[in-house]
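**Student:** Listed below are the residues making up each chain.
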Amino acid sequence: GDSVTQMEGPVTLSEEAFLTINCTYTATGYPSLFWYVQYPGEGLQLLLKATKADDKGSNKGFEATYRKETTSFHLEKGSVQVSDSAVYFCAPFNTDKLIFGTGTRLQVFP
Amino acid sequence: NAGVTQTPKFQVLKTGQSMTLQCAQDMNHEYMSWYRQDPGMGLRLIHYSVGAGITDQGEVPNGYNVSRSTTEDFPLRLLSAAPSQTSVYFCASSYSGRDGYTFGSGTRLTVV
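These protein sequence lines are chains A and B, in that order.
Residue numbers 1 to 110, in the numbering used here, belong to the letters of the first sequence in order.
Residue numbers 1001 to 1112, in the numbering used here, belong to the letters of the second sequence in order.
Incorrect hints may appear among the rest.
[Stated by the list, open to error] Using 25 Å as the maximum straight-line C-alpha spacing, the simulated DMTMM-like pairs for lysine to aspartate or glutamate come out as follows:
no., chain 1, residue 1, chain 2, residue 2
1, A, K52, B, E1072
2, A, K68, B, E1072
3, A, K97, B, E1059
[As the list claims (entries may be wrong)] Computed list of chain B residues with no C-beta within reach of chain A, every gap over 12 Å:
no., residue
4, Q1022
5, L1078
6, T1102
[To be verified] So, partial list: chain B residues that the calculated Cβ filter (under 7 Å) puts toward chain A:
no., residue
7, T1007
8, F1010
9, G1042
10, Y1048
11, G1051
12, Y1095
13, G1097
14, L1109
15, V1111
Because the hints were derived from the structure by calculation, they are not lab data.
All residues carry an ideal CB built from backbone N, CA and C; glycine is no exception.
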C-alpha cells in the first residue's frame, strides 16, 4: 500500500534559521500531497498542498514542491519563528485515503 | 459553520465497555475519515467513507465499526474497549479529498 517517510525529529533551530523537513512517499497513481501542522494541544491544520508534478504549495512562509521524479515533497521555510514550533505531518491523498507520516517535531528557540 | 464537531472531548472507559465517538460536519463534505494518534506513530487511518452508505477499512480497523447513514454524521463505535485503544481520536472531512481535509479537535480516550 501507499506509505510516507519523514525525517526523524525533533528538529531544533534558532529563530531566523532555515528549515527543511524531508518527506518522501510511495504511491500508485498520482497522489495529491499535503503538509499539516499540529500546534501543542490542538488538532491538525492544513498548511499547504500541491496536486500535480512541479506544483509549489505555499502558506505562512512555508513552501513545498511536488517532485514526482524523486517522489518527494520537502517542506522549507527561509526564516523560522518561535511560533512555528509544532509537529509537521506530510500526507499524500490517493485512492480515496489520506495517510500520514509519523510527524516531525520542530522546536525553535529565541 | 461549525466545521467538524467531535464529542465527547474526553472519555474514560473500563475494559470491555462499548461506546460511540460522535463526528458531525456541516460543510456538505462527502469524504470523512477517522484516525487515531499515538505517541511516535503519527496518525493512523481507522475507517473512511466517500459518501453516505459507503465505508471502508483503513490501516487499523480491528475493534472499531463505522456507519454513514447521512452525509453529515460518521460515528465510530468501539465494540469492546481494550487498553490498546487508549489514544487520541480525530475525525476529518473533505469535499473531494484532493482539496484537503478539515479536522475536528479530537477525543482523548483512556481505557483502564
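**Student:** What hints, given by number in increasing order, does this structure fail?
**Tutor:** 1, 2, 6, 7, 8, 11, 12, 14 and 15
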